[in-house]
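With the hints as constraints, model all of the structure from the sequences given.
The lines below spell out each chain.
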Amino acid sequence: MGRYIGGRVVSMVITFLIIASLTFFLMKLLPGTPFNNQEKLSDAQIVQLNEKYGLNDPVAVQYFNYMTNLLTGDLGVSFQQDGRQVSTIISERIGPSAYLGFQSLLVGTILGLFLGIIAALRHNSFWDYGTMVIAVLGISIPSFVIAGLMQYWLGVKWQLLPVAYWDGFAYTIMPTIAIASIVVATIARFMRTEMLEVLGQDYIVTAKAKGLSSTAVVIRHTIRNASIPIITIMGPLVVGLMTGTLVIERIFVIPGLGEKFVNSILTNDFPIIMGTTLFFSFLFILVILLVDILYGIVDPRIRLAGGKE
Amino acid sequence: MERILDVNDLHVSFDTFAGEVKAVRGVNFHLNKGETLAIVGESGSGKSVTSKAVMRLIPDPPGRIKQGEIKFGDRDLSKLPEKEMQKIRGSEISMIFQDPMTSLNPTMTVGKQIMEGLIKHQNMNKAEAKERAIELLKLVGIPDAEGRVTQYPHQFSGGMRQRVVIAIALACNPRVLIADEPTTALDVTIQAQILELLKDLQEKMGTSIIFITHDLGVVANIADRVAVMYAGKIVETGTVDEIFYNPQHPYTWGLLGSMPSLEASEEDLIAIPGSPPDLLDPPKGDAFAPRNPYAMKIDTEMEPPLFKVTETHYAATWLLHEKAPKVEPPEAIKKRLRGMAPDEPIIATKDGERNV
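Heads up: the sequence lines are chains G and B, in that order.
With the first sequence counted from 1, adding 379 to any position gets you the working numbering.
Residue -12 in the working numbering sits at position 7 of the second sequence, with consecutive numbering throughout.
Please note that the accuracy of each hint is not assured.
[Unchecked claim] Footprint (simulated), chain G over chain B, 3 or more residues, beta carbon under 8 angstroms:
| # | stretch |
| --- | --- |
| 1 | 65 to 72 |
| 2 | 80 to 87 |
| 3 | 97 to 109 |
[As the list claims (entries may be wrong)] Away from chain B, derived, C-beta distances all over 12 angstroms, residues of chain G:
| # | residue |
| --- | --- |
| 4 | Y383 |
| 5 | G385 |
| 6 | T394 |
| 7 | M406 |
| 8 | G411 |
| 9 | P437 |
| 10 | A439 |
| 11 | D453 |
| 12 | T488 |
| 13 | V515 |
| 14 | I518 |
| 15 | P521 |
| 16 | W532 |
| 17 | H600 |
| 18 | L657 |
| 19 | I672 |
[What the hints assert, rightly or not] Simulated restraints, written as ranges between beta carbons of each label pair:
| # | chain 1 | residue 1 | chain 2 | residue 2 | range |
| --- | --- | --- | --- | --- | --- |
| 20 | B | G128 | G | R387 | 21 to 31 angstroms |
| 21 | G | I397 | B | H135 | 28 to 38 angstroms |
| 22 | B | P263 | G | P521 | 55 to 65 angstroms |
| 23 | G | L396 | B | H135 | 30 to 40 angstroms |
| 24 | B | F(-2) | G | V388 | 53 to 63 angstroms |
| 25 | G | V512 | B | P124 | 48 to 58 angstroms |
| 26 | B | L287 | G | N503 | 34 to 44 angstroms |
| 27 | G | G619 | B | E109 | 41 to 51 angstroms |
| 28 | G | L396 | B | V169 | 53 to 63 angstroms |
| 29 | G | N503 | B | K119 | 51 to 61 angstroms |
| 30 | B | E184 | G | E576 | 35 to 45 angstroms |
| 31 | B | K265 | G | N503 | 33 to 43 angstroms |
| 32 | G | I397 | B | T170 | 52 to 62 angstroms |
These aren't lab readings, by the way, just hints derived from the structure by calculation.
Note that the coordinates shown come from a computational prediction; the quantities given were computed from them, not determined experimentally.
Just so you know, even glycine gets a beta-carbon here, dropped at the ideal spot from N, CA and C.
Take a look at the structure:
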């Protein structure tokens, strides 16, 4: 197991460096430079700023400098915010994003598993069909449409919840629903299919033949085995959730990392673009590793295939 | 002899979109203490459904026990509430399944799977149950039981897994063990080992066994009595000797004739023509009549009752009626029957000569 994880970490570092390089060159293809759209600056100042941040150097030199700094842990300074450290900006902004992400993931997963299990146990009943309707809606309606509808009805028309901004729990409800909808839908659908699959397995009959109650059969033998494939889709789901957050944060004016990320692209704030992209990439890679490790814990067959016999 | 299980007029049906499939249509049999009853028949004859009905493991819906009683002691299992049935399953009646590759939970150690029943039925704590699980693994002949108890099913071979399944079934010393084709998925050498194990355990524990199979070789090896099923009914029942030496039903002749043996030449292997009837709409009269070369007019009109041959031997064929013409089994089958004499050992195992 240890050796397996070691190998995975090495490939993670390589993936990370490739992402950093690709992002760097893609970013350089963006139209405009960081300082050409600010009327307050004189031409002389722009030249001076470009010189200061090394933007006049050849791209290859800039790339080399950036990667050297990156390897020493230096993400650079923001062009737009008085030279503040990118790492400081990220750590300031991560709070609301992380909170929103975790809350959505937690609510979405629990609700999704619950609906999926109910739908499978009450196969072909009202519960089953109801859940699947919710799931199809959740997958097919984009989260920003759900967000807009909620802002209009819950926020403006009925005045139940604050329309936007970030100031306490009430402000998290609508964004959480908007982000969690896709999680609920995906997991409910998957869990239902997996549960039905497992319920048809021979070992479920064996468990029943032992005299176990139906609750014990479902909890001990069905849900555990049905959730193994769920863990696999959790990786891509978390990734999707993070990108979904970018849009949702902007709609609800939440001062999170996503909002900063979108703004940095609009203003060509190169170090921020790089910093946030790398931060998100790091999270993605980490999540995928965690999923693989978790997979091995839940399914003993995989654990052994990857490590010692 | 003490009757431990008595099944009377059991009917099991499945409701499908096409209509009601009458899988079991009035089955009667009993099981004596300590004996092995083999239920034989081809696929779809209702033998597995019958055994699952005794365990009340027929998925409902679509299946249901339509009528009949399953007397176990003074209780009728067909009408017992589910909660009561759970107390019987695994503790008084257990089951072994066909495919050991799929009948164990792949994500749970074999020890835990054995312990579950013990904890449920015998109020053992985890430590006691684990100790008993190790004992059981030793009992079913798994070497290094202490080390194996914490392993997962994928670390066992097919034969070893079937031993684990047997350990699970025998965990609470059940009075009845239902073995649903337990050797079908195993290769022949392992088959023989598993049969030996079952016989051995039966001797030690005094369990009564219902052995479901389509393999007459296995029947000759393990059974005391045999019930032959066809199209959801028992068409002939008797002791092993009666069924093998004096079969009365043309279907039993067909089954015996279609069994390959070492002596028989290739031409001697006789297939039963046709295919089993559609149980969505069972035919009038004897269900075997369309495939029966000895069928008489009455076979298409009326179902034959069980005619008594001896005290223990019954067969449902009009050929046994006093007005029926005397019919002898085909010569080829007679020849086969002579060749199959159980006194003639075919395989010798370490503890003596056996017929496989």
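Practice problem: Against the earlier hints, flag every one the structure doesn't satisfy and list their numbers going up. | Solution: 17, 29
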